[in-house]
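Trainee: Sequence:
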Amino acid sequence: MPVTTPPAQTPRSRGAGSLPALRAIWALILREMSSSYGRSPGGYLWAFLEPVGGIALLTLVFSLTFHAPPLGASFALFYATGLLPFMLFSDVQAKIAQALIYSRALLAYPAVSFLDALIARFLLNTLTKLLVSYAVLAGCLLLLDTGARPDPARILEAYALGALLALGIGVLNCYLFIRFPVWAHGWSILMRPMFIVSGVFFLVDHLPEPVARLLWFNPLVHVIGRLREGIYSGYRPDYVSPAYVVGISLCCLALGLMLLRNSYRDLLAR
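Following full-length UniProt numbering, the numbering of the sequence shown begins with 1 at its first residue and continues without gaps.
If you are wondering where the hints come from, they were derived from the structure by calculation, not from laboratory data.
A couple of the hints might just be wrong.
Computed beta-carbon distance windows for the label pairs [said to hold, decoys possible]: (1) Ala212 / Arg23: 45 to 53 angstroms; (2) Met191 / Trp216: 17 to 25 angstroms; (3) Ser18 / Leu142: 34 to 42 angstroms; (4) Leu268 / Tyr134: 31 to 39 angstroms.
Where is the CB? At the ideal position from N, CA and C, for every residue including glycine.
Based on the sequences and whatever the hints tell you, model everything.
Mentor: Here you go:
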């Protein structure tokens, strides 16, 4: 079978208008929706079942060990406030890190830029995780006797911080994974203990001072702390620093975009 090559076209100029970019992003989103959720049994159902199963397991294990959760009256809600933002960061940054590899064939066309691939993956996966989080948290608040009084502004701030962090880390890793393939394995190893050291099933401010001071440098600790502040009205984690999370996120994002802009075509041609 003869191999077809993309027709020669003039590279798209970002200043020429946003409509071509929006069309490319929408096409990439539809493609990912079909490949990620349209080919597996249950489709989007698994996106809901995964966190629900994790929360149920944590609830079962810790309710057999402790009489009450560290905050509130519901084990399920407490572990949901840790697991959901962690999964948002973990899954979204992983998808963004593979964006160019996933769309390698389409990036040969001048009508599709590397920014389109990054934006499409970020939007689809972030919105999916936000929808899942809303459904799970709303279910906990409506169906369980939690005694919680949510603050929507704090909750939105926490998810915005988590999404921005996932974007920054994901874009930087998008370059590093292609430029240094061994880094993909190294990052996978580094991510394994993150579930333990991010405050998913404990409160950082209840730990001894030296341990809490060390965990402060993990930006996910701040994201989870802010979400719990938004769910539990009486909880005030003084250690949370949105500026720290934003600073790390923007630095990683700027560096990743600069590196990709200068070399992404050469990297994909390897």
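Trainee: Please go over all the hints and tell whether each is borne out by the structure.
Mentor: We went through each hint and held it up to the structure:
no., hint, verdict
1, Ala212 / Arg23: 45 to 53 angstroms, "holds (49 angstroms)"
2, Met191 / Trp216: 17 to 25 angstroms, "holds (19 angstroms)"
3, Ser18 / Leu142: 34 to 42 angstroms, "holds (40 angstroms)"
4, Leu268 / Tyr134: 31 to 39 angstroms, "holds (36 angstroms)"
In summary, the structure agrees with every hint in the numbered list given earlier.
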